[in-house]
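Novice: One letter stands for each residue in the lines below.
2 protein chains.
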Amino acid sequence: MSNKLVEPHGGSGLSISVLTGEALDCEQKRARSLPKVHISHRAMGDLLMICTGAFSPLRGFMTKEDWKSVCGEMLLTDGCFWPIPVTLDIAEAEFGSVSVGDEVALIPPGTEEAAAEMTITEKFVLDSSEKGYECECVFRGHGKDSLTGFRENALERHPGVKMVLQQHDHYLAGPIRLLNSGDVMSGRPDLFLTPQQTRTIFTERNWSNVAALQLRNPMHRSHEYLCKTALEVCDGVLIHSLAGRLKPGDIPANVRIRCIDKLIEKYFVPRNVIHAAYPLDMRYAGPREALLHAVFRQNHGCSKMIIGRDHAGVGKFYTEYEAQEIFDRIPTPKKEGYALKCTPLKIDMAFYCTKCDGMATSRTCPHEEQFQITISGTRVREILSGGGSVSPKLIRPEIAEILEKYYQNENLGA
Amino acid sequence: MSNKLVEPHGGSGLSISVLTGEALDCEQKRARSLPKVHISHRAMGDLLMICTGAFSPLRGFMTKEDWKSVCGEMLLTDGCFWPIPVTLDIAEAEFGSVSVGDEVALIPPGTEEAAAEMTITEKFVLDSSEKGYECECVFRGHGKDSLTGFRENALERHPGVKMVLQQHDHYLAGPIRLLNSGDVMSGRPDLFLTPQQTRTIFTERNWSNVAALQLRNPMHRSHEYLCKTALEVCDGVLIHSLAGRLKPGDIPANVRIRCIDKLIEKYFVPRNVIHAAYPLDMRYAGPREALLHAVFRQNHGCSKMIIGRDHAGVGKFYTEYEAQEIFDRIPTPKKEGYALKCTPLKIDMAFYCTKCDGMATSRTCPHEEQFQITISGTRVREILSGGGSVSPKLIRPEIAEILEKYYQNENLGA
Chain A
1 MSNKLVEPHG
11 GSGLSISVLT
21 GEALDCEQKR
31 ARSLPKVHIS
41 HRAMGDLLMI
51 CTGAFSPLRG
61 FMTKEDWKSV
71 CGEMLLTDGC
81 FWPIPVTLDI
91 AEAEFGSVSV
101 GDEVALIPPG
111 TEEAAAEMTI
121 TEKFVLDSSE
131 KGYECECVFR
141 GHGKDSLTGF
151 RENALERHPG
161 VKMVLQQHDH
171 YLAGPIRLLN
181 SGDVMSGRPD
191 LFLTPQQTRT
201 IFTERNWSNV
211 AALQLRNPMH
221 RSHEYLCKTA
231 LEVCDGVLIH
241 SLAGRLKPGD
251 IPANVRIRCI
261 DKLIEKYFVP
271 RNVIHAAYPL
281 DMRYAGPREA
291 LLHAVFRQNH
301 GCSKMIIGRD
311 HAGVGKFYTE
321 YEAQEIFDRI
331 PTPKKEGYAL
341 KCTPLKIDMA
351 FYCTKCDGMA
361 TSRTCPHEEQ
371 FQITISGTRV
381 REILSGGGSV
391 SPKLIRPEIA
401 EILEKYYQNE
411 NLGA
Chain B
415 MSNKLVEPHG
425 GSGLSISVLT
435 GEALDCEQKR
445 ARSLPKVHIS
455 HRAMGDLLMI
465 CTGAFSPLRG
475 FMTKEDWKSV
485 CGEMLLTDGC
495 FWPIPVTLDI
505 AEAEFGSVSV
515 GDEVALIPPG
525 TEEAAAEMTI
535 TEKFVLDSSE
545 KGYECECVFR
555 GHGKDSLTGF
565 RENALERHPG
575 VKMVLQQHDH
585 YLAGPIRLLN
595 SGDVMSGRPD
605 LFLTPQQTRT
615 IFTERNWSNV
625 AALQLRNPMH
635 RSHEYLCKTA
645 LEVCDGVLIH
655 SLAGRLKPGD
665 IPANVRIRCI
675 DKLIEKYFVP
685 RNVIHAAYPL
695 DMRYAGPREA
705 LLHAVFRQNH
715 GCSKMIIGRD
725 HAGVGKFYTE
735 YEAQEIFDRI
745 PTPKKEGYAL
755 KCTPLKIDMA
765 FYCTKCDGMA
775 TSRTCPHEEQ
785 FQITISGTRV
795 REILSGGGSV
805 SPKLIRPEIA
815 EILEKYYQNE
825 NLGA
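Top line first, the protein sequences correspond to chains A and B.
Residue 1 is where the first sequence starts when you use the working numbering, and the numbers rise one by one after that.
Residue 415 is where the second sequence starts when you use the working numbering, and the numbers rise one by one after that.
Where hints are given, some of them may not hold.
Cβ-to-Cβ under 7 angstroms is the rule here; a few derived chain A residues that face chain B [claimed, not checked]:
{"hint": "1", "residue": "Gln197"}
{"hint": "2", "residue": "Thr229"}
{"hint": "3", "residue": "Asp235"}
{"hint": "4", "residue": "Val269"}
{"hint": "5", "residue": "Met359"}
Cross-link-like lysine to any residue pairs, in silico, SDA-like; alpha carbons within 25 angstroms at most [to be verified]:
{"hint": "6", "chain 1": "A", "residue 1": "Lys341", "chain 2": "B", "residue 2": "Phe785"}
{"hint": "7", "chain 1": "B", "residue 1": "Lys680", "chain 2": "A", "residue 2": "Pro366"}
{"hint": "8", "chain 1": "B", "residue 1": "Lys755", "chain 2": "A", "residue 2": "Lys355"}
{"hint": "9", "chain 1": "B", "residue 1": "Lys680", "chain 2": "A", "residue 2": "Asp348"}
{"hint": "10", "chain 1": "A", "residue 1": "Lys262", "chain 2": "B", "residue 2": "Lys755"}
{"hint": "11", "chain 1": "B", "residue 1": "Lys755", "chain 2": "A", "residue 2": "His367"}
{"hint": "12", "chain 1": "B", "residue 1": "Lys769", "chain 2": "A", "residue 2": "Leu394"}
{"hint": "13", "chain 1": "B", "residue 1": "Lys769", "chain 2": "A", "residue 2": "Ala339"}
{"hint": "14", "chain 1": "B", "residue 1": "Lys769", "chain 2": "A", "residue 2": "Lys341"}
{"hint": "15", "chain 1": "A", "residue 1": "Lys4", "chain 2": "B", "residue 2": "Phe785"}
{"hint": "16", "chain 1": "B", "residue 1": "Lys418", "chain 2": "A", "residue 2": "Ser40"}
{"hint": "17", "chain 1": "B", "residue 1": "Lys807", "chain 2": "A", "residue 2": "His367"}
Pairwise CB distance ranges, derived in the manner of DEER restraints [to be verified]:
{"hint": "18", "chain 1": "B", "residue 1": "Pro745", "chain 2": "A", "residue 2": "Pro331", "range": "34 to 40 angstroms"}
{"hint": "19", "chain 1": "B", "residue 1": "Thr768", "chain 2": "A", "residue 2": "Gly388", "range": "50 to 56 angstroms"}
{"hint": "20", "chain 1": "B", "residue 1": "Gly425", "chain 2": "A", "residue 2": "Glu73", "range": "31 to 37 angstroms"}
{"hint": "21", "chain 1": "B", "residue 1": "Glu815", "chain 2": "A", "residue 2": "Gly315", "range": "55 to 61 angstroms"}
{"hint": "22", "chain 1": "A", "residue 1": "Asn254", "chain 2": "B", "residue 2": "Thr792", "range": "50 to 56 angstroms"}
{"hint": "23", "chain 1": "A", "residue 1": "Asn411", "chain 2": "B", "residue 2": "Lys819", "range": "47 to 53 angstroms"}
Source of the hints: derived by calculation from the structure; they are not laboratory data.
Owing to the predicted nature of the structure, the values given are computational and were not obtained by experimental measurement.
For each residue, glycine too, the CB sits at the ideal point set by N, CA and C.
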């Protein structure tokens, strides 16, 4: 077997657009004189994913035609698979002051320094009915809560729907070039690995069959089990933490990252895993987001994407295994390179079973519920923030300790 | 994803040659008047594998050219991948009394009833130097014991070498038709599933990604772990027990099969596994036999073959992971259908780790040996046959009980 990594999505290599050296100095200076366009935290994450090649073959924010085709067909207008719109909404006043053909400086929140330059190729509007259409396409699941439809009351209940409906109505499309990646990694810039960097590391380690583990939580034993199951059958695992924005109540990135580092130190063979983080905001789009996760993991060089129970879900919007099932129903693009090549490693929810005397899932454990130790994340939070202790069958003691401290400080501080 | 099973090896369907109904009655009668050729126990197993399609695309025993090409190149003369010779050696007296073009009745040990008819297409001789060549090609590993070469003293030490060197010098080649499968399954004929039967069951269960677990032992927790790891990432697992002949000291098939049935009953989700057996004699050819295992599992409809530590090995003839590594070095046949399509699911040796608090391998457990509970098969045998008990971390108590009884009876009887 050759040690060849899966090719980047789209079939024409990584589309990287990061200025460096003299070109960077020069463009950073020039950017100060360009019209300023202020962008959201989410757009900043998308921008970094685009420019580093994690969103290959995208070279910029989408046009309205691409937006529509991705919503309805999960295909870009050229026929390449793509599951979720990546659009740039901006304030109406700024929209009015720029024209197609202009170069503009994209300014993220909290700074006046340009993160990127953009060449505007299209200006368009998405009205509230069009945003509703996006939500129905992207966020509609088949879980208990999805039945009432999104327009009525989902705004309050679904953080992804809320995000889209609260976007501006005005959008710019066009290619972008990265000037400044800012501090996206919650003080751990070493964890931000570009697709080029992960591919280099995988190749150095002689890996070809690499699985990615998506994490937005502190890695309980159930996640450890997913990761270790993948490790048994792959060359290595990329533990990929989300460092972008989550919904209120989720544990912040720096705490989660400390938990994962500790777990790797105490319970993993470090040479078999790589811990990295990426700057995307969660969409909570369940199945569609699982597909997006596979797309950018393919760009990072991963041939497998671990998809557990209710991947990228929220509340009861999606059924438990909807994010696994969607991989069986994605369109077959006309060109071979346009197809998604990172395949799902579908693993059921894991638990500790006292009869099995180890971790198991419903696929491997035949015993009654009374022997299976499970607990909801909410309940873990309640116990730990109340100063109680959680079974080491659920959370490793070293991780519980970090979480207890976090909750204690939060209780004191908040 | 379509629920399509991996295609049979060779690219032209299963080559089944089993007579039934009137044709069978007629041919069974006719066979009584054909010249009798007595065949070995091993040849009887091979014959069943050929006729049921488990050895597709083979339709009979190999010619000398195929034998030579398979030894040296792992390819049949038509260019199709094949890892181990499948030849029919017979006594010189019988060899002398038949001619090319003759139809003969193949008579297995212990009966005078024909198992199959054969049309002789070639008669050939393999002298002792040619058998030595076969042994060097097929059994030479890179373990500690392989260095001295096979001709000197391997006859005594390697059961596969011994088998080949003790074969007759005279061989018949030609296509065969099954008349009578005899009692090959140690009293459990229900466990003998043909490739057509396993494929039917897989399709009924809607499986497409099926892994095979090769078993010639009673299924300790380490094998259970291999099987369950595969179960987490595949649609189902075919637990495939060898019911042919083993080397002295190995546990007989009926005891092993009882252990596996009990383990499935107590520790597996029965709908996710199928327990079957196949009538091949062990060759102990390590890497080459692992490839043969993958070939006939592909014919059974399995896309994955679990390959653990020292698969199909014996003594120290092969290195620990040589049988995994050979899959990376097999020749690429000219025709796509001629390539092996059943890929290895390589899993390291498993053990119980008290720090991990569960089963693990060297890929997933970073802890020191003192926390890892391992024990050799020989030591297990010593303890159980001495009336001692083995840790439930190594063998499930229900299985240990069956083995204890077997050893007690053996001690009394032998």
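Novice: A separate judgement is required for each hint: does it hold in the structure or not?
Specialist: Here is how each hint holds up against the structure:
no.	hint	verdict
1	Gln197	violated, 23 angstroms
2	Thr229	holds, 5 angstroms
3	Asp235	violated, 10 angstroms
4	Val269	holds, 5 angstroms
5	Met359	holds, 6 angstroms
6	Lys341/A / Phe785/B	violated, 40 angstroms
7	Lys680/B / Pro366/A	holds, 8 angstroms
8	Lys755/B / Lys355/A	violated, 37 angstroms
9	Lys680/B / Asp348/A	holds, 20 angstroms
10	Lys262/A / Lys755/B	violated, 40 angstroms
11	Lys755/B / His367/A	violated, 35 angstroms
12	Lys769/B / Leu394/A	holds, 14 angstroms
13	Lys769/B / Ala339/A	violated, 43 angstroms
14	Lys769/B / Lys341/A	violated, 37 angstroms
15	Lys4/A / Phe785/B	violated, 36 angstroms
16	Lys418/B / Ser40/A	violated, 46 angstroms
17	Lys807/B / His367/A	holds, 18 angstroms
18	Pro745/B / Pro331/A: 34 to 40 angstroms	holds, 37 angstroms
19	Thr768/B / Gly388/A: 50 to 56 angstroms	violated, 25 angstroms
20	Gly425/B / Glu73/A: 31 to 37 angstroms	holds, 35 angstroms
21	Glu815/B / Gly315/A: 55 to 61 angstroms	violated, 48 angstroms
22	Asn254/A / Thr792/B: 50 to 56 angstroms	holds, 52 angstroms
23	Asn411/A / Lys819/B: 47 to 53 angstroms	violated, 59 angstroms
Comparing the model with each earlier hint shows violations of hints 1, 3, 6, 8, 10, 11, 13, 14, 15, 16, 19, 21 and 23; every other hint is respected.
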